[in-house]
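Peer 1: Residue numbers (my numbering), protein chains in the order written: chain A, 1 to 250; chain B, 1 to 584.
Worth flagging that the hints you see were computed from the coordinates, not collected in a lab. Please note that the accuracy of each hint is not assured.
[Unchecked claim] No farther apart than 20 angstroms at their CA atoms in a straight line, the calculated lysine to aspartate or glutamate pairs in the DMTMM-like style are these:
| hint | chain 1 | residue 1 | chain 2 | residue 2 |
| --- | --- | --- | --- | --- |
| 1 | A | K217 | B | D445 |
| 2 | B | K50 | B | D31 |
| 3 | A | K47 | B | E566 |
| 4 | B | K186 | A | E112 |
| 5 | B | K553 | B | E566 |
| 6 | A | K217 | A | D86 |
| 7 | B | K186 | A | D15 |
[Said to hold, decoys possible] Ranges of calculated distance between the beta carbons of each label pair, as one might list FRET restraints:
| hint | chain 1 | residue 1 | chain 2 | residue 2 | range |
| --- | --- | --- | --- | --- | --- |
| 8 | A | S38 | B | A581 | 47 to 53 angstroms |
| 9 | B | L415 | A | R12 | 51 to 57 angstroms |
| 10 | A | T190 | B | E389 | 43 to 49 angstroms |
Quick caveat: nothing in here was measured; it's all calculated off a predicted structure. For glycine and all other residues, C-beta sits at the position ideal for the given N, C-alpha and C.
Listed here are the chains, written in short residue letters.
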Amino acid sequence: MTMLLVEGLSKRYRDHQVLTEVAFGVGRSEIVGLVGQSGSGKSTIAKCILGLERPHVGRILWHGESLSERTVRRRARRGMQAVFQDPRSSLNPRWTVRQLLSEPLDNWLPAERGVIRLARLARLLDRVALSADLLDRHPHELSTGQCQRVCIARALAPEPDLLILDEPLSALDVSVQARLIELLLDLHRTSGISYLLITHDFAVVADICQRIVVLDKGNVVETGKVDDVLSRPTHAYTQALLRDVLPMPG
Amino acid sequence: MSDRVLHRFKVGLRRDPVGIVLLAIVVAMIDAILAAPLISALSPVGTDFKQVLLPPNAVNWLGTDDFGRDVFTRLLYGGRTSLTVAGVAVLIVMSIGVTVGVVAGYFGGVVDLVLTKIIDVLLAFPRLVLAIAVAALMGGGMVPLIIAISVVAWPAYARIIRGFTLQVTQEGYVLAARCLGTPTWKILTRHIALNLIGPILVLAMLDIGNLILAVSALSFLGLGVPPPAPEWGAMLNEGRNNMEIAPWLVLAPGLAIFVVVLAANYFGDIVRDSVEGRPVHGPRNWLRLPLLGATQPSRLAAAPAAPHKDEVAAPALDMQDVCIEVTDRRSPYFGRRILNNVSLRVTRGESVGLIGESGSGKSTLAALSLGLTRPPLALTAGSASLFGEDTAGWSWDDWQHVRGRSIALVNQDPLSALNPVLRVGDQIGEVMQTHLAPSRAALEDRLREVLDEVDLPRRVMRQFPHELSGGMRQRAVIAMAIVNRPALLIADEPTTALDVSTQIRILDLLRGLQDRYGLALLFVSHDLRVISRVADRVVIMRGGEVMERGLTKEIFAGATHPYTRELIAAMPGRRMRLIQAAAE
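Chain B extracted, bound-state conformation (with noise of 0.2 angstroms):
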C-alpha cells in the first residue's frame, strides 16, 4: 500500500512544478533551521546597540532589530521553537484525536455518547480564545503553549475521525476479523486506524499550516515563548512598533510563515490525491466533449420518438464490426482491445439478450450504445447506428437529446440509480420534464399511468428510494425509464441485486412492457436462467468477442461452441429438476 501511495505522491509532484517549488523552499528552509549555528556565527539573543535597525546589508542579510540582533539568525532559531511546537502540537493532537474518534466510532452506544458530548462543548467555545485563556492560565513558555494548542483542536479531529470510523466500522473485513476472533485492540489499530491513515495523513497535513499560525498568534499576543528566545510570531510582533522605519522586522518572519504554512496546505492536497487514488490529471473526461457539443451544431432536428409497433423501420442499435480500444498512451493497458468486432443488432419489438461474465465487454457495449464511451476507451472500428442513424458524428447535445428520449437504460443497483433525497416521483417526473416540458396536469397523469405499468402503488410518488423495498426501487427505474416511452431500452444486469422471487417478476414486467409497447430490449446479463426467460435471441460474448449467436430456445437446446456449453452447464439447479421430475 506505502509504495503506491509513494507512487502516486512521487507522480502527483512531478506534474506539479509549484509543488516542487514549495518543497525545494520548505527543504531548504528546514535544513537551515536544523544546520542554524553552521550557518550563522551571530547569537540570537545577542543585543548590540550600536547596530540597532540596520536595514538588510552584507553582514546581517536581513538586517537588525531594535536591540541590534541580526534578523537572519533570530528567524533560524525562532523556526526551531515554531515548528517544534507545531509539530509536537499535531502529533497530541492527533493521538488524541484518532483515539477519542475511533473509540467513539466502534464501540457506539453509551461510550460515543458521552465523548461526543465532550466533543461538542470543547467545539462550542472559540478556538482561539480558548486557547489563549488556557496559555494565559498556565503562564508562557514552550509546554503550555503546545498544550494550550492541543487542547483546543483535538475536538475537530475526534469529530472527523469518529465519522469516518463509523463508516469503516460497518465494511465486511471488520465483521470478518470480529469472526475471526481478532482483539478488538487489533481491529481498531491495524483494519480501522491503518484504513485511515490517508484521511489522517491529509488532515495533519492541512492542520499543521493552522497549528503554526496559533502558535505564531499566541506568541504575537506575549503568551508563547519569552522573551529574549525568539520565535516567528514573537518577532511579529516585536517588530510591530517599527513597523514603518524597518519593514525588514516584520516581513521575514511574515514570509517565513506564509511560505510554511502554504507549503503545508498544498502538500495537504497532494497527499491527498496521492492517499485516497484519484487519477492525478484533471478531469480530462469532460473537458472534450461539451467542446465537441459546443462547436457543432446539434444535427438531429428531433429525437426520434418511439414508433407505432408496426412500423416498419430502421434497426433500433445496430452495430457492425465493432472495437473499441484503450487509446490513451497514458494508461497502463494502452492498446489493449476491449471489443473486438463485434456486431449486434436490435430491432424494434424485439428482446436480445446478451451473456457475458466479469471481463467480457458486455458492459462496454451497453455503455457505446449510450454514447457514454469514455476515455481512455474509444471506438477504432465499426460503426454503431441508432435507428438508422450512425453517431458516430454525433456531438453530445444529439445523445442528450436521445437519452432518456428514446434510448433509456435500467441498471443493477436501483439504490445508487435513485437520489436518496428527492421523493420517486419527482425523480420520474424529471425525467419527462427534461424531454417534454408538459403541463403540470398533463405530467401528473402520466406519472400516475407510469405507476400503473410497473405495478407500483400511487403513494409511491410521495415516498423517498429508502422507503421502498428492493424489487419496489427497482420498478421506479423502470418507472423512470419508461415515462416518455423509449423505443429502445437497455437493461444491464437489472435482477442481480434482487432474489428469486423478486428477480421473476421483475423479469416479467420487462418483458410484458417490451411486448406491449413494442420495445427494442438489451437485455445484459450474466445468468442464463435470467435471459432465457426475457430474450427472443441470445448473444453469447467472452473476451469482448461474440462466441455464438442464435434463437434463445435454440441455444439452450443445442449450443454448438464449447463455451456456451459450459455456461449451461455451470447453471445451478440441476438436481432440483431431478427431485422436481421424480416426484412428479
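Same shape as in the complex, but just chain A (with noise of 0.2 angstroms):
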C-alpha cells in the first residue's frame, strides 16, 4: 500500500488557484522528487500535507486512512516530519542544540530522562555526522550547513517514515550540498526512510531520487521514473524545464 496518497488535492487563495486535483503518492523506502518552477504550489501541497494548510478540495491518505481524522492526524505527525529551506530560521535562534533536539522526544518520549536521554541525542548527532559536543551550541554558532543537519536531526527525532524535503539545500554552499546529498542517501540506505523531495532543481532530483511529479501551475503535468522522464520527457512544460538546467561545465 501506498503510504502518503494525495488524491484530487485542490486549493485556492481567494481567487488565485494554486492547486489543482492533484495527485500523487509515496510509497515505502520511496524516494519522491516534486519539481517545479516558483510559483508552481510545491511549498503548498507540502504545507496541506503537513497539515499547517488545509486544502479545499481532495484527500490526503495516511497508510490508507485519510488526514482529516484526528486519530490518524496524530499518528501522521510522528509518522512524517519536515525540513525546510531555510535551517537558521527553522532553528529557534535562543535554545542550544540539546534544546533543539529534545523538542520533538518531549513530545514523543516525554518521560525518557538522563543518561538514556543523552544517548539517545548523540545517537540523533551521529546519524548526521555532528560531533555530541554541538549539544550546548547555539545555532550562531553553528555555520548553515550544521544548522541543516540540526534540522535533519530534529525530524530524525520521532523515526519518521517519511521525510519531507522543502528545498532543503537552496541556501547552502555547492560542497555542503554534496556532503548533504551523500548524508541523505545514506540514512535512506540505512533506514530505509522515504523521502519527498521539494525542488526546482532537476540536477538535484536526478541524483537523489527514484521517481519525479512534474508540477506546472498547480497541475502535476507529469510523473514517472527519474529516468524515463529525464531521458524522454512527454510533456512540453518538462521539456521546457530540463533544457533549462545550466549544463555541467567541461
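The two chains are supplied separately, each in an independent frame; assemble them into the complex guided by the hints.
Peer 2: Here it is in C-alpha cells:
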C-alpha cells in the first residue's frame, strides 16, 4: 500500500487557484521528487500534507486512512517530518542544540530522562555526522550546513517513515550540498526512510530521487521514473524545464 | 540567551555613567523604602500640631507638613504604596496584554477579529479619563487603584504584542514546532512568548514610568489610597495648598516620582539595546567617512564615463596584493585577516567569475571594489584601482560620484534591493537623476530603452515590486544598475534566490548586456554551473586567498588545485548527464 497518497487536492487563495486536482503518492522506502518553478504550488502541497494548511477539495491518505481524522493526524504527525529551506530560521535562535533536539523527544517520549536521553541525543547527532560536542551550542555558533544537519536530526528524532524536504539545499554552498546529498542517501540506505523532495533543480532530483512528479501552475503535468522522465520527457513543460537546467561545464 | 543579554546589559551600563548614577540612586531609594522602619523612627501618620510646616532640619530631614508629620518618613512609606501599585499593575497589564496579544496573533481569524475589536474600543477612550471613571465607580483604595490602572493600560500592550506575534508566527521554527507535534500551549509559551521577551521587557520598563505617573495622578485627584496613609501623588496633592510657604511638601514627592520615572525610561533604553543585540556603541561606522569627505575636496573632476567598446584603457578594476584585516581592537576578531594577498583584474569588455563558498572573502572583495569596506575591517596592504586610479585616497564624495554611475551592483535578494513603497519606474529614474540630471523627456526615453534592454514590459514602470515575480524583480534591479551605462558591473550571487529556469535567463541577460556594451563584469557566486555560463575567466577563492585562476574552459577541463577539483566534483547533475547521455 502506498504510504502517502494525495488525491484530487485543490486549493485556492481568494481568486487564485494554487492547486488543481493534484494526485500522487509516496511508497515505503521511496524517494520522490516534486519539481516545479517558484509559484507552481510545491510548497503549498507540502503545507497541506503537513497539516499547516487545509485543502479545499481532495484527500490526503496516510497508510490508507484520511488525514482529516484526528487520530490519523496524530499518528501521521509522528510518522512524517519536515525539513525546510532556511535552516537558520527553522531553529529557535534562543535554544541550544540540546533543547532543539529535545523538543520532538519531549513530545513523543516525555518520560525519557538522564543518561538514556543523552545517549539518544548523541545517537541523533551521530546519524547526521555531527559531534556530540555541539549539544550546548546555539544556532548562531554553527555554520549553515551544520544548522541544516541539526534540522535533519530533529526531524529524524520521532523516527518517521517519511521526510518532506522543502528545498533543503537551496541555502547551502555547493560542497555542503554535495555532502548533504550523501548524508540523505546514506540515511535512506541504512533506515529505508522515504523522502518527498521538493525542489526546482532537476540536477538535484536526478542525484537523489527514484520517481519525479512535475508540477506546473498547480497541475501535475508528468510523473514517472527518474530515468524515463529525464531521458524521454513527454510534456512540453518538462521539456522546457530540462532545457533550462544549466549544463555541467567541461 | 540570558547570559548574552546580561553581558550586553552590563557592557551597556559600564559605558554609560548616567545609567550607573541613576541605578545607584534607584537602588538606594528602593533599599531605603524597604528598610523604612529602620531608617526613620517617626510615624508616617502620627500628627503633631506643635511642629506644623517646619523647614528641613536635623530631625525632620525634609521638613514637616501641615499636620506636623515628617515628610521624609512619609516619602519612604509612600514609596511602598506607589511602587507596589505600579509594580503589581505592570504585572497584571503584562499578563493580560501578552496573553491577549499572543492568542490574537497566533490563532488569527475570528479569535483575532473579536479580540482586536475589543482592544480598539478600549483604546478609543482617553486612558486617564477611563481610569478615573473606573476608580471613582469602585471607590478609593489600593485594589481599585490597581484595577483602574490595569484596565486601561493592557489594550495598548495587547496590540503591540499581537503585531510581534504575527511576525514570529511566520518564523520557520514555529512551523517546524507545529510539524514536530509540539502542543499549541507549548508553542505559544516556549517559542512565541519566549522570543517576545525582549519587546515585553522593554515595554514594561518604559511603561512602569507611565504607570507610576498614573498612580500619582489618580491619588492626586483623591481617587487613590485614602488619607492619612502616605502615597507620592497624594502627598503632592496635600502639599499643593502650602506650596508657597513650604515648597518641600511638593518638591520631595515630585523629585521622587521624577527620578524613578526617569530611571525606568533610561533603563528601558539600555535593556532594549541589550535584548535586541544592537551594537552598544554609537554609529561610529558612519561618523568617519562623511567627515573625511568634508575635509577633502573631491579629487575626481568627473566620474569616468563608460568607454567605447574598442577603446584601449586601464583595467576597470585592478587589485594588487590586497589584504583586509579586522583592525578594530574592540572587535573579538581583532587581527583576523579576511583577505590575504588577493590580486584581481577585470578589464573592460571582460567577464570574470569569482568563485567561493561562505567565508571565502568574496563578498568582502566585492565591497572593497565598491568602496564599502567599513570598520572593523580595513585595507592594510596592497592597492585597489578603478579605471586606472588608485582608490586609496578617494573621499566619500569621490565614491559617490562613481557608485551608480561607473560601477553598479546587483545583489542576491532583489526584494530587499527594491523599495517596496516606490514604483519600479521611479526607482530606476532616481538612479539616473542622482547622477545625470536629465530632462523629463530624456529620462522617460532612457527608462523605456532600459526596460527593453532587460526584457521587461513597459507597464512595469508603474508597478510596485510586490506585483512582480522574482525574475522580473531581478531584471528591474539590473535595469537600475545599467541605466547610467556603467563601465563595471558587480553581480554578487544575483541568481541564487531564483529557480533554475529564471536563473538561466538572468545569466543570459547579464552575459548579453556585457557583450553588447563592453561591460566589465565581476560575477560572484558559489555555484560553478552558474559561473561557467557567464565568465570568460574564473578566480577561485577560499579562506581569503586565491586558490586558482584561469580561463573558464581550462579550469573545468583540468583544474590543478585540489580544492577546485573538489568543487567541480561536488556539482549536482552527474547522474542526470549519464541518463541523458544514455538516452541519446
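Peer 1: If a hint holds in the structure, say so; if it doesn't, say that too.
Peer 2: Going through the hints against the structure:
At most 20 angstroms may separate the alpha-carbon atoms for a hinted pair to count; K217/A and D445/B exceed this at roughly 36 angstroms. Simply put, K50/B and D31/B have alpha-carbon atoms about 31 angstroms apart, too far for the 20 angstroms limit, and the pair is violated. Distance check on the hinted pair: K47/A and E566/B sit about 36 angstroms apart at the alpha-carbon level, beyond 20 angstroms; violated. Of the pairs offered as hints, the one joining K186/B and E112/A holds, with about 18 angstroms between alpha carbons and a cut-off of 20 angstroms not exceeded.
Between the alpha carbons of K553/B and E566/B the distance comes to roughly 17 angstroms, so the proposed pair stays at or under 20 angstroms and holds. Between K217/A and D86/A, the direct Cα distance comes to roughly 23 angstroms. Violation of the 20 angstroms bound is thereby established for this hinted pair. At most 20 angstroms may separate the alpha-carbon atoms for a hinted pair to count; K186/B and D15/A exceed this at roughly 35 angstroms. Against the hinted window of 47 to 53 angstroms, the Cβ-Cβ separation of S38/A and A581/B comes to about 29 angstroms, which falls outside the hint.
Take L415/B and R12/A: their Cβ atoms lie about 25 angstroms apart, and the range 51 to 57 angstroms is violated. One distance hint, 43 to 49 angstroms for the beta-carbon pair T190/A and E389/B, is violated here, with the actual separation near 60 angstroms.
Hint compliance for this structure: hints 1, 2, 3, 6, 7, 8, 9 and 10 are broken, all remaining hints hold.
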